[in-house]
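Q: Listed below, chain by chain, are the residues.
2 protein chains.
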Amino acid sequence: MRQKIILREVGLRDGLQIHSTFMPTDDKLAWITAEAATGISEIEVTSYVPPKLIPQFADSEAVTAGALAIPGLTASALVPNLRGAQRGIELGVHKLNFVMSVSRTHNMKNVRRSPEESIADFRAIVDLIRSQPEGRRPVISGGLSTALGCSYEGRVAVSQVIDYAVQLLEAGAQELQVADTVGYADPVQVRNLFKPLLAEVGNVPVAAHFHDTRGTGLANVSAALDCGITMFDASLAGLGGCPFAPGASGNIVMEDLCFMLDSMGLDTGVDLEKLVQVRQFIAAALPTIAMQGALAKAGLPRNYEFAAHRVR
Amino acid sequence: MRQKIILREVGLRDGLQIHSTFMPTDDKLAWITAEAATGISEIEVTSYVPPKLIPQFADSEAVTAGALAIPGLTASALVPNLRGAQRGIELGVHKLNFVMSVSRTHNMKNVRRSPEESIADFRAIVDLIRSQPEGRRPVISGGLSTALGCSYEGRVAVSQVIDYAVQLLEAGAQELQVADTVGYADPVQVRNLFKPLLAEVGNVPVAAHFHDTRGTGLANVSAALDCGITMFDASLAGLGGCPFAPGASGNIVMEDLCFMLDSMGLDTGVDLEKLVQVRQFIAAALPTIAMQGALAKAGLPRNYEFAAHRVR
Numbered sequence: 115m116r117q118k119i120i121l122r123e124v125g126l127r128d129g130l131q132i133h134s135t136f137m138p139t140d141d142k143l144a145w146i147t148a149e150a151a152t153g154i155s156e157i158e159v160t161s162y163v164p165p166k167l168i169p170q171f172a173d174s175e176a177v178t179a180g181a182l183a184i185p186g187l188t189a190s191a192l193v194p195n196l197r198g199a200q201r202g203i204e205l206g207v208h209k210l211n212f213v214m215s216v217s218r219t220h221n222m223k224n225v226r227r228s229p230e231e232s233i234a235d236f237r238a239i240v241d242l243i244r245s246q247p248e249g250r251r252p253v254i255s256g257g258l259s260t261a262l263g264c265s266y267e268g269r270v271a272v273s274q275v276i277d278y279a280v281q282l283l284e285a286g287a288q289e290l291q292v293a294d295t296v297g298y299a300d301p302v303q304v305r306n307l308f309k310p311l312l313a314e315v316g317n318v319p320v321a322a323h324f325h326d327t328r329g330t331g332l333a334n335v336s337a338a339l340d341c342g343i344t345m346f347d348a349s350l351a352g353l354g355g356c357p358f359a360p361g362a363s364g365n366i367v368m369e370d371l372c373f374m375l376d377s378m379g380l381d382t383g384v385d386l387e388k389l390v391q392v393r394q395f396i397a398a399a400l401p402t403i404a405m406q407g408a409l410a411k412a413g414l415p416r417n418y419e420f421a422a423h424r425v426r
Numbered sequence: 115m116r117q118k119i120i121l122r123e124v125g126l127r128d129g130l131q132i133h134s135t136f137m138p139t140d141d142k143l144a145w146i147t148a149e150a151a152t153g154i155s156e157i158e159v160t161s162y163v164p165p166k167l168i169p170q171f172a173d174s175e176a177v178t179a180g181a182l183a184i185p186g187l188t189a190s191a192l193v194p195n196l197r198g199a200q201r202g203i204e205l206g207v208h209k210l211n212f213v214m215s216v217s218r219t220h221n222m223k224n225v226r227r228s229p230e231e232s233i234a235d236f237r238a239i240v241d242l243i244r245s246q247p248e249g250r251r252p253v254i255s256g257g258l259s260t261a262l263g264c265s266y267e268g269r270v271a272v273s274q275v276i277d278y279a280v281q282l283l284e285a286g287a288q289e290l291q292v293a294d295t296v297g298y299a300d301p302v303q304v305r306n307l308f309k310p311l312l313a314e315v316g317n318v319p320v321a322a323h324f325h326d327t328r329g330t331g332l333a334n335v336s337a338a339l340d341c342g343i344t345m346f347d348a349s350l351a352g353l354g355g356c357p358f359a360p361g362a363s364g365n366i367v368m369e370d371l372c373f374m375l376d377s378m379g380l381d382t383g384v385d386l387e388k389l390v391q392v393r394q395f396i397a398a399a400l401p402t403i404a405m406q407g408a409l410a411k412a413g414l415p416r417n418y419e420f421a422a423h424r425v426r
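Order-wise, the sequence lines are chains D and V. Terminal number for the first sequence in this note's numbering: 426, no gaps in between. Terminal number for the second sequence in this note's numbering: 426, no gaps in between.
Only chain D is shown next, with the shape it has when bound in the complex (with noise of 0.2 Å):
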């Protein structure tokens, strides 16, 4: 048996959050009905946030809608906090991404929170899912940027991500998501957190999210296989970026992590070929908007045989 992979797809939120440019509604659910049709089981669909903040969420109830509409696949959305999580809960979304920084300075400016008191609206959120009756009742996950490094801060302490990672399962988080917002792991960083951090948790799925933005990503993709992470987070043509460096790439891409993991004999999955073709959907939604990517340009290998159809 081959291992399974799950790739999550987060262009639609952590990719077109950076971008001003608003993407219409309908090109949104036709993205994200072309991908989740090659496999991808997990879609970050939007986030809720006040439209004053991010214009690019206005739309977050009719792509929530349209995304559970889709048979199959896992709709999800960023909540930064309280109010975010009763829009999911109201919404009848599947999974709500809680987000708060490992660093202090990085969640005060993004959330305007401590860390501490997003722990305690976490509890809140949880309380509130807890109060639904069964069948409403999102997963929720809990997420810790800035994990790997903080613009603001530089290097993060490891046993300070295990502090709250803890915190977080202790309030009742079912998954957690691990994210190198900026960019800035390397394969020995990546080995250091999340070795310690497995044998913490236990059995709890982690996800992890890196960023493309030094070159490192799918580096620290292959060392957080080797620690038995199993569950990654990717945007389609590397959609995002870096709000402080023009030009420099975002999430890693979605469909190159996809190639390396299907070479690498795991099982993702996902229709390759197809999911290389969705990218016409950004291309032709968002025309000015730069498509990173290796594996769009060059084409697959020549004779390349895809893992499911290879011989054991």
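Worth flagging that the hints you see were computed from the coordinates, not collected in a lab. What you are looking at is a predicted structure, and each value in this text was computed from that prediction instead of being measured. Among the clues, some could well be false.
Stated by the list, open to error - Computed footprint of chain V on chain D; a stretch qualifies when at least three of its residues, placed anywhere within it, have a C-beta under 8 Å from a C-beta of chain V:
id	region
1	264–275
2	292–298
3	317–330
4	377–390
5	399–411
Quick reminder that beta carbons are idealized off the backbone N, C-alpha and C, glycines included.
Assemble chain V onto chain D, guided by the hints.
A: Showing chain V alone in chain D's frame:
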């Protein structure tokens, strides 16, 4: 003690050879001089092939002479055959990088030789070197191209790579260079090749030469480090490409590689900030060529602490 890593610049050869725009000799030497000053200790400065085949290397004599005048730099050059080796010996270059392809079809297309004929050529080159007076004998490296996949034949057998590696060593190779010429490799393939290869060849230095054609270049470096490889080829700004895929990436990006290694705490001996500045020589001389590289766009992480200065 931090592990020392030897980085070898191959942009002047592997990078420039696919570009028809001639880089003026003075610009090549300005690039070599500036990059040597950053701490890069070995540069493949040219290729001894007939100028009618690759006009880019018509100035190989002047480039070699200029590079040999730089104190502390090991100047190497590619030689495809005995004639090229003769030329290198006449010019007094420090190291000859002989190259043959593990894939029979690729070797026939590239140098019009069967692998057996290339091995015979290599023996003749070693004989020629040994017939020189002491002090005029260049180091001889045996290079195996398409060792991780071939654009004609697809996957390449590990046993075949090891077989040719052993033949090159028995014929007198003082080091080996193992190349993923067309950017097909993933970290699993890298480990599956380099672990048994290093077990077989013992203490002979082995350089890994990766391309980033499908985005896996630095992940492959990390996997090769795990196997014990400590010598890597790369090109500044990823100069190079793929003749079959316009716009595709070529060699792994030297400055991104250097950042990842430094971040991992390894000792490259290179001044990373100076290295990024050397990109300007390529940009000025070849303004129409696409320059790759994430670090140059994003900059170093905030509060980045160079490995040499970190508290241990």
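Q: Does each hint hold? Answer for all of them.
A: Evaluated hints:
Coverage of the region 264–275 of chain D by chain V holds. Counting CB-CB distances below 8 Å, 6 residues qualify, and the rule asks for three or more. Here's how the region 292–298 of chain D fares: 3 of its residues keep a CB closer than 8 Å to some CB of chain V, so the rule of at least three is met and the hint holds. Check on the region 317–330 of chain D: 5 of its residues sit with their Cβ under 8 Å from a Cβ of chain V, so the three-residue criterion for coverage holds. Closer than 8 Å: that is the beta-carbon criterion, and the region 377–390 of chain D has 3 residues meeting it against chain V, so the requirement of 3 holds.
Given as covered by chain V, the region 399–411 of chain D passes the check, having 4 residues with a CB less than 8 Å from a CB of that chain where 3 are the minimum.
In summary, this structure violates none of the numbered hints.
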